[in-house]
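In order, the protein sequences belong to chains G and U. Taking numbering that gives the first Met the number 0 as reference, the numbering of the first sequence is continuous, increasing by one, and the terminal residue is 254. Taking numbering that gives the first Met the number 0 as reference, the numbering of the second sequence is continuous, increasing by one, and the terminal residue is 239.
It cannot be assumed that every hint is accurate.
A few chain G positions that, by computed beta-carbon distances, are all more than 12 angstroms from chain U [to be verified]: (1) 41; (2) 67; (3) 78; (4) 103; (5) 110; (6) 115; (7) 118; (8) 131; (9) 179; (10) 209; (11) 231.
Partial selection, computed: residues in chain G whose CB lies under 10 angstroms from chain U [to be verified]: (12) 63; (13) 64; (14) 72; (15) 75; (16) 76; (17) 77; (18) 79; (19) 80; (20) 82; (21) 84; (22) 159; (23) 163; (24) 167; (25) 171; (26) 178; (27) 185.
Just so you know, these hints were derived from the structure itself, not from any lab. The beta carbon of each residue, even a glycine, is placed where N, CA and C say it ideally should be.
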Amino acid sequence: MAKVDWLNYKFHASSIGELMTEPRSGPGLSETCKAHLLACWIKETYGREKDVSNKFIEKGLAVEEDAITLYSRNTKTFYRKNQETLSNDFIVGTPDLFDGPEIRNATTIKDIKSSWSLYTYFSVFVKPINKDYAWQLSSYCALTGAKSAGLVYCLVNTPEQLIWKEKDAIKWKMGIIDPSASEIYMQACEELEKAMIFDDIPMEHRHVEFAIDISKYPIEKAYERIKECRKFLSQLKLYPEYKPKLEKEPLARGT
Amino acid sequence: MMETQLTNIPNDNAFSLQTFEHAQRVAIMLSKSDLIPKEFRGNVQNTMIALEMANRIGASPLMVMQNLYIVHGKPSWSSTFIISAINSCKRFEPLRFDLTGTGDDMSCSAWTYEKGKTERIEGPAVTMKMAKAEGWVDKNGSKWKTMPELMIRYRAAAFFGRLYAPEIMMGMQTREEILDVQHVDVSEDEKRKEKENQRILFMIQDAKTIEELEAVSQYVPETHLDFYTVKMDELKNGKG
Numbered sequence: 000m001a002k003v004d005w006l007n008y009k010f011h012a013s014s015i016g017e018l019m020t021e022p023r024s025g026p027g028l029s030e031t032c033k034a035h036l037l038a039c040w041i042k043e044t045y046g047r048e049k050d051v052s053n054k055f056i057e058k059g060l061a062v063e064e065d066a067i068t069l070y071s072r073n074t075k076t077f078y079r080k081n082q083e084t085l086s087n088d089f090i091v092g093t094p095d096l097f098d099g100p101e102i103r104n105a106t107t108i109k110d111i112k113s114s115w116s117l118y119t120y121f122s123v124f125v126k127p128i129n130k131d132y133a134w135q136l137s138s139y140c141a142l143t144g145a146k147s148a149g150l151v152y153c154l155v156n157t158p159e160q161l162i163w164k165e166k167d168a169i170k171w172k173m174g175i176i177d178p179s180a181s182e183i184y185m186q187a188c189e190e191l192e193k194a195m196i197f198d199d200i201p202m203e204h205r206h207v208e209f210a211i212d213i214s215k216y217p218i219e220k221a222y223e224r225i226k227e228c229r230k231f232l233s234q235l236k237l238y239p240e241y242k243p244k245l246e247k248e249p250l251a252r253g254t
Numbered sequence: 000m001m002e003t004q005l006t007n008i009p010n011d012n013a014f015s016l017q018t019f020e021h022a023q024r025v026a027i028m029l030s031k032s033d034l035i036p037k038e039f040r041g042n043v044q045n046t047m048i049a050l051e052m053a054n055r056i057g058a059s060p061l062m063v064m065q066n067l068y069i070v071h072g073k074p075s076w077s078s079t080f081i082i083s084a085i086n087s088c089k090r091f092e093p094l095r096f097d098l099t100g101t102g103d104d105m106s107c108s109a110w111t112y113e114k115g116k117t118e119r120i121e122g123p124a125v126t127m128k129m130a131k132a133e134g135w136v137d138k139n140g141s142k143w144k145t146m147p148e149l150m151i152r153y154r155a156a157a158f159f160g161r162l163y164a165p166e167i168m169m170g171m172q173t174r175e176e177i178l179d180v181q182h183v184d185v186s187e188d189e190k191r192k193e194k195e196n197q198r199i200l201f202m203i204q205d206a207k208t209i210e211e212l213e214a215v216s217q218y219v220p221e222t223h224l225d226f227y228t229v230k231m232d233e234l235k236n237g238k239g
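Generate the whole structure from the sequences, applying the supplied hints.
So, in structure tokens, the structure goes:
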């Protein structure tokens, strides 16, 4: 079990959005924020990551470089994924892309997101900006000194391995023993592939960039919230000091 | 010289002139069928390779095509095909599995008898500890987590086949083996570098003006310099 200096704990840029969610009523931290803080506490105390992987995240990680290639080709600007992790007194993070001579002297920070399907891709055109992403970009700007930020969505082919996994999932769901003998299954696979491969869609239709007004996501406000979160974490007594309230008392051992 | 070479190639080789032409005709006909998997449909070259493989292992071309998967550009067999091919190759009695233990202590080996002999031949044991140590279990979406008893048998069969029936495996891995080990062969850094180089190639290829091409000049690796120079000449000569 690790001893953590919660009063100086640094949060990842990608989690600032969760910390910044407002409670439904009254002052204090929101339930979303507390849930995230609890995950941080468990991770740091017991050294175990919360398993948050899903097919969307898996694709995002697998095709990150392909998405950068698409964006580079469409903008006629060669981009390379930044590998340097930056931190200040409150936040730590690794921005994806930047404009400018080097990451610590960047003018614009860009974050690349890969959409799962044509439908999820086009949904970002009509939905409001995802606040978690906006806070993430605001944090990256604070870490690098950049004055502007862009949120880039790309639509690139799903890797073969993920398509196979989806096909396997259909197979098990349909209870198929001999895939080649099932017309419905073969048809479903064909449709699945069509839904996950986008080579037939013009490249320039497959990326969209939203400029983020970082003044709407003031980093000073985030720092204040981080201070509150640190206080919450430092006062968190879960074990062995935890005294369950009567209405939440777990079943006695052995029952 | 050419004549001598051709006559030296045995007639049963798929690449002798006569057999090649015959195989090509068969491949063209088969590739037009709606019943074969889509990787081969309309693809005479792939169908031809499948025919050659079927010929070598004495299986039906349709069976080979239905059990040959291309994963990350590598041809691979389905595990069930390996088991079925071992069972039907007439050298062995049907493959059996010894499964012992549960959970982390589970272990499995595939074994059988050679036809007409009583000496038991056994493939290397596959254990869950091995699966964990090799990282097969912890991969996202790994079937080792949900169906360990099936996966351990598949892997035991692949090990057995590689050792006692390499002519069936033809040096290829099973689909599950490739899926289990991908990302292990190449480091993340190497993969990223490869993607960056590919990106530069695309950008050189896409360039429609000298300015666009010059914008990538500082990133062009030595390996792509020829390509860059040729493209620059084309643009300067107005052929871009």
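Here's how the hints hold up against the structure:
Distance check on residue 41 of chain G: its Cβ is at least 19 angstroms (rounded) from any Cβ of chain U, clearing the 12 angstroms threshold; non-interface status holds. Separation of residue 67 of chain G from chain U is inadequate, the least Cβ-Cβ distance of about 7 angstroms not exceeding the 12 angstroms criterion. The non-interface label for residue 78 of chain G is inconsistent with chain U: the shortest C-beta to C-beta separation is roughly 8 angstroms, within 12 angstroms. No Cβ of chain U approaches the Cβ of residue 103 of chain G within 12 angstroms, the least distance being about 20 angstroms, so the stated non-interface status holds.
No Cβ of chain U comes within 12 angstroms of the Cβ of residue 110 of chain G; the nearest lies about 18 angstroms off, and the non-interface call holds. Distance check on residue 115 of chain G: its Cβ is at least 15 angstroms (rounded) from any Cβ of chain U, clearing the 12 angstroms threshold; non-interface status holds. The beta carbon of residue 118 of chain G is kept farther than 12 angstroms from every beta carbon of chain U, the shortest such distance being approximately 22 angstroms. With a minimum CB-CB distance of about 22 angstroms to chain U, residue 131 of chain G clears the 12 angstroms threshold, and the non-interface call stands.
At the 12 angstroms boundary, the C-beta of residue 179 of chain G falls inside the reach of chain U, the nearest C-beta of that chain being 5 angstroms off. For residue 209 of chain G, the non-interface assignment is confirmed: its Cβ lies about 23 angstroms from the closest Cβ of chain U, beyond the 12 angstroms cut-off. Against chain U, the non-interface label of residue 231 of chain G holds: every CB pair exceeds 12 angstroms, the least being about 32 angstroms. Using the Cβ-Cβ criterion of 10 angstroms, the hint placing residue 63 of chain G at the interface with chain U is satisfied: the shortest such distance is roughly 9 angstroms.
Against a cut-off of 10 angstroms between C-beta atoms, the interface hint on residue 64 of chain G holds, since the closest Cβ of chain U lies about 4 angstroms away. This hint holds: residue 72 of chain G has a C-beta 6 angstroms from the nearest C-beta of chain U, less than the 10 angstroms allowed. Hint status for residue 75 of chain G: holds, given a least beta-carbon distance of 5 angstroms to chain U, under 10 angstroms. Contact between residue 76 of chain G and chain U, as hinted, is supported at the beta carbon level, the nearest pair being about 7 angstroms apart and thus within 10 angstroms.
Proximity of residue 77 of chain G to chain U holds as hinted, the smallest CB-CB distance being about 5 angstroms (cut-off 10 angstroms). Taking 10 angstroms as the C-beta contact cut-off toward chain U, the hint placing residue 79 of chain G at the interface holds, the least distance being around 6 angstroms. Because the smallest distance between the Cβ of residue 80 of chain G and any Cβ of chain U comes to about 7 angstroms, under 10 angstroms, the interface hint for this residue holds. Interface hint at residue 82 of chain G: satisfied, since its Cβ lies 8 angstroms from the closest Cβ of chain U, which is below the 10 angstroms cut-off.
Taking 10 angstroms as the C-beta contact cut-off toward chain U, the hint placing residue 84 of chain G at the interface is violated, the least distance being around 15 angstroms. Of the supplied interface hints, the one on residue 159 of chain G holds, with its beta-carbon coming within about 6 angstroms of a beta-carbon of chain U, less than 10 angstroms. This hint holds: residue 163 of chain G has a C-beta 7 angstroms from the nearest C-beta of chain U, less than the 10 angstroms allowed. The beta carbon of residue 167 of chain G is positioned within 10 angstroms of a beta carbon in chain U (closest approach about 8 angstroms), and the interface hint is therefore held.
At about 9 angstroms, the closest approach between the beta carbon of residue 171 of chain G and any beta carbon in chain U falls short of 10 angstroms, and the interface hint on this residue holds. Here the hint on residue 178 of chain G is kept, as its CB sits about 9 angstroms from the closest CB of chain U, short of 10 angstroms. Residue-level restraint check for residue 185 of chain G holds (minimum Cβ-Cβ distance to chain U is 9 angstroms; threshold 10 angstroms).
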